[in-house]
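Q: Please build the complex by placing chain B on the supplied structure of chain A, with the hints as guidance.
One line per chain: the protein sequences are A and B, in this order.
Residues in the first sequence are numbered from 1 upward in steps of one, following this note's numbering.
Residues in the second sequence are numbered from 1001 upward in steps of one, following this note's numbering.
Quick caveat, the hints were computed from the structure, so don't treat them as lab data.
In this text the structure is predicted, and so the values were computed from the model without any measurement.
Do not take every clue at face value.
With a straight-line Cα cutoff of 25 Å, these simulated SDA-like cross-link-like pairs (lysine to any residue) come out [said to hold, decoys possible]: (1) K1013(B) to V124(A); (2) K1013(B) to R112(A); (3) K105(A) to L1072(B); (4) K111(A) to L1055(B); (5) K1003(B) to V37(A); (6) K240(A) to A63(A); (7) K145(A) to M217(A); (8) K88(A) to A1020(B); (9) K1013(B) to A196(A); (10) K145(A) to G215(A); (11) K240(A) to Q211(A); (12) K111(A) to R1004(B); (13) K105(A) to R42(A); (14) K1003(B) to K240(A); (15) K88(A) to V1059(B); (16) K105(A) to I1053(B); (17) K106(A) to S1073(B); (18) K105(A) to G1050(B); (19) K209(A) to D38(A); (20) K105(A) to G1061(B); (21) K106(A) to L1067(B); (22) K1013(B) to K209(A); (23) K105(A) to R1004(B); (24) K1003(B) to V69(A).
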Amino acid sequence: MIPIGSHPVWHPVMETLAYVSGFAVYRWQRARQGDIVDEPQRWTVLAAAAVGALVGSRALGVAEHWPTVQQAWQAGRIWELLLSPGGKTIVGGLLGGWLAVELVKKLSGIKRRTGDLFALPLCVGIAVGRVGCLLAGLADDTYGKPTALPWAINLGDGIGRHPVQVYEILFLIVLGMLVGSPVKLPEGARFRIFLAGYLAWRVAIDFLKPQPLIGGMNLIQWSCVAGILLLVLDEVRLGKGMHEKAVG
Amino acid sequence: MRKRLVDRIPFAKIVIGLAAVFIVSLGSCGLSLVLNSGSARAIGATLSIGGLIGLLVSVVGLVVTCLGWAILSIVGAFGEKVSQPQKLFDEKDDTKLDKQD
Chain A
1 MIPIGSHPVW HPVMETLAYV SGFAVYRWQR ARQGDIVDEP QRWTVLAAAA VGALVGSRAL
61 GVAEHWPTVQ QAWQAGRIWE LLLSPGGKTI VGGLLGGWLA VELVKKLSGI KRRTGDLFAL
121 PLCVGIAVGR VGCLLAGLAD DTYGKPTALP WAINLGDGIG RHPVQVYEIL FLIVLGMLVG
181 SPVKLPEGAR FRIFLAGYLA WRVAIDFLKP QPLIGGMNLI QWSCVAGILL LVLDEVRLGK
241 GMHEKAVG
Chain B
1001 MRKRLVDRIP FAKIVIGLAA VFIVSLGSCG LSLVLNSGSA RAIGATLSIG GLIGLLVSVV
1061 GLVVTCLGWA ILSIVGAFGE KVSQPQKLFD EKDDTKLDKQ D
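Chain A with its partners taken away, still in its complex shape:
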């Protein structure tokens, strides 16, 4: 067993580093590749993504702890719970950010697909953030199920566990190489590959996490399934639109 222990104080530090590194990669990519939308439109998209991600990550994080929310509601401590640190989820952030951007694009008449510039930064940001989850250990809800594998980690309770955070970092390196490759892809494809890949990954990897299940999967997994379905529906809609354009 590899001793890691639990150091929850490092989680917010790594979380901030995750945002900073993601933004640095975004700026580097934008300077290198240029942008398909003009500056004010990009600011609008960024703002929508930031607000949507903050709200989405918190909403799903709170929903994940539904019994605690119910108790807090009954005790009149709902604001305390909502404003307490922690309890944010990456999947909620991704879905919230994505939906907010789509909504704002529709309202402000932005027709281009703006997500490609976010694909690689998200891979880097999530990977850095997962280091914080690994260091936080048992204090974070992202640790793995017990295992007897030689690379099992000990988070301080003497039980060997799957290093699910390390698995995810490795997966993100592969996904990052894919979405960051210089191969020419249609507009929006890099972001969609990232989103579909990450959501599918979370459906699979969350089976290795000891979390309460609803109908065989946890809330994050169900959210990922919903996200994948939305992506498929959107692709079908876009495909239809392109077909009608070609015919008409």
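A: What follows is chain B alone, placed relative to chain A:
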């Protein structure tokens, strides 16, 4: 033509700025906990107070800015419709008149 209020205020940049403050405050709160558990308690306490103020200001600021942005966008869109100049003559009629002249 005069720009609408919603276009004159850089809401998107304000939101990004506040989100950045939120992120840095979150990090400084975390760092203060790390320092408090070690020997640099004075720095930790300063960071902790700064971080909490930053978190509070950024969250309130984000809510207020987003609400303001949404309200001004709605009002702006509504006002745009209302203040559209009334067309006294149809374009086709104008052409007819020109031809007659």
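Q: It remains to establish, for every hint, whether it holds in the given structure.
A: Hints, one by one, checked against the model:
Between K1013(B) and V124(A) the alpha-carbon distance is near 23 Å, which keeps this suggested pair within the 25 Å criterion. Between the alpha carbons of K1013(B) and R112(A) the distance comes to roughly 20 Å, so the proposed pair stays at or under 25 Å and holds. Only pairs whose Cα atoms come within 25 Å are accepted, and K105(A) paired with L1072(B) is accepted, the gap being roughly 17 Å. As the CA atoms of K111(A) and L1055(B) are separated by approximately 34 Å, the hinted pair breaks the 25 Å bound.
For the suggested pair K1003(B) and V37(A), the alpha carbons sit about 21 Å apart, so the restraint of at most 25 Å is met. Straight-line distance between C-alpha atoms of K240(A) and A63(A) comes to about 35 Å, which puts the hinted pair past the 25 Å bound. Distance hint between K145(A) and M217(A) is fulfilled; the C-alpha atoms sit about 15 Å from each other, no more than 25 Å. Of the supplied pair hints, the one linking K88(A) and A1020(B) holds, its CA atoms being roughly 17 Å apart against a limit of 25 Å.
Straight-line distance between C-alpha atoms of K1013(B) and A196(A) comes to about 29 Å, which puts the hinted pair past the 25 Å bound. The straight-line distance between the Cα atoms of K145(A) and G215(A) is roughly 19 Å, inside the 25 Å bound, and the hint therefore holds. Distance check on the hinted pair: K240(A) and Q211(A) sit about 39 Å apart at the alpha-carbon level, beyond 25 Å; violated. Among the hinted pairs, K111(A) with R1004(B) is consistent with the structure: their alpha-carbon atoms are about 22 Å apart, no more than 25 Å.
For the hint pairing K105(A) with R42(A), the CA-to-CA distance comes to about 10 Å; that is within 25 Å, so the pair holds. Restraint check for K1003(B) and K240(A): not satisfied, since their Cα atoms lie roughly 38 Å apart, outside the 25 Å limit. A threshold of 25 Å between alpha carbons decides the hint, and for K88(A) with V1059(B) the separation of about 15 Å falls inside it, so the pair holds. Proposed proximity of K105(A) and I1053(B) is contradicted: the alpha carbons are some 33 Å apart, above 25 Å.
Taken as a hint, the K106(A) and S1073(B) pair is honoured in the structure, with Cα atoms around 13 Å apart against an allowance of 25 Å. In summary, the hint linking K105(A) to G1050(B) is not supported, as the alpha carbons are separated by about 35 Å, beyond the 25 Å threshold. Using a Cα cut-off of 25 Å, the hinted pair K209(A) and D38(A) is violated, with the two alpha carbons roughly 42 Å apart. In summary, the hint linking K105(A) to G1061(B) is supported, as the alpha carbons are separated by about 23 Å, within the 25 Å threshold.
Straight-line distance between C-alpha atoms of K106(A) and L1067(B) comes to about 18 Å, which keeps the hinted pair within the 25 Å bound. Distance restraint check for K1013(B) and K209(A): the Cα-Cα separation of roughly 39 Å exceeds the 25 Å cut-off, and the hinted pair is therefore not satisfied. Among the hinted pairs, K105(A) with R1004(B) is consistent with the structure: their alpha-carbon atoms are about 19 Å apart, no more than 25 Å. About 45 Å separates the Cα atoms of K1003(B) and V69(A), which puts this hinted pair outside 25 Å; it is violated.
When held up to the earlier numbered hints, the structure conflicts with 4, 6, 9, 11, 14, 16, 18, 19, 22 and 24 and fits the remainder.
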